[in-house]
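Under this note's numbering, the first residue of the sequence shown is numbered 620, with each subsequent residue one higher.
Think of the hints as simulated: they come from the structure by calculation, not from any bench. Do not take every clue at face value.
Each computed DSSO-like pair below joins lysine-lysine, with the alpha-carbon atoms no more than 30 Å apart [what the hints assert, rightly or not]:
1. K633 with K647
2. K643 with K633
3. K651 with K633
Per label pair, the in silico range of CB-to-CB distance [what the hints assert, rightly or not]:
4. T627 with H662: 26 to 34 Å
5. K633 with L653: 17 to 25 Å
6. T660 with P630: 13 to 21 Å
7. L637 with T660: 12 to 20 Å
Idealized CB from N, CA, C, for every residue including glycine.
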Amino acid sequence: TCSGYGGTSDPYVKVYLLPDKKKKFETKVHRKTLNPEFNETFHNSRECDKVILENLE
Numbered sequence: 620t621c622s623g624y625g626g627t628s629d630p631y632v633k634v635y636l637l638p639d640k641k642k643k644f645e646t647k648v649h650r651k652t653l654n655p656e657f658n659e660t661f662h663n664s665r666e667c668d669k670v671i672l673e674n675l676e
């Protein structure tokens, strides 16, 4: 629990596209909440799409 920290937190999500972790995406920080809702979209380049397709084959 966060009771020792005033009962709130500042959560966010960090996303990496595997296997290459060079490119990362982060959501906005939701300040002072214990129940954040993340409704964000991340876009990647055509090069990333190619890597994904190669790994699926």
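Taking the hints in turn, this is what the structure says about them:
1. K633 with K647: holds, 10 Å
2. K643 with K633: holds, 7 Å
3. K651 with K633: With a Cα-Cα distance of about 18 Å, the restraint between K651 and K633 holds, given a limit of 30 Å.
4. T627 with H662: 26 to 34 Å: Roughly 31 Å apart at Cβ, these two residues keep to the hinted range, so it holds.
5. K633 with L653: 17 to 25 Å: holds, 19 Å
6. T660 with P630: 13 to 21 Å: holds, 18 Å
7. L637 with T660: 12 to 20 Å: holds, 19 Å
Hint compliance for this structure: every hint is met.
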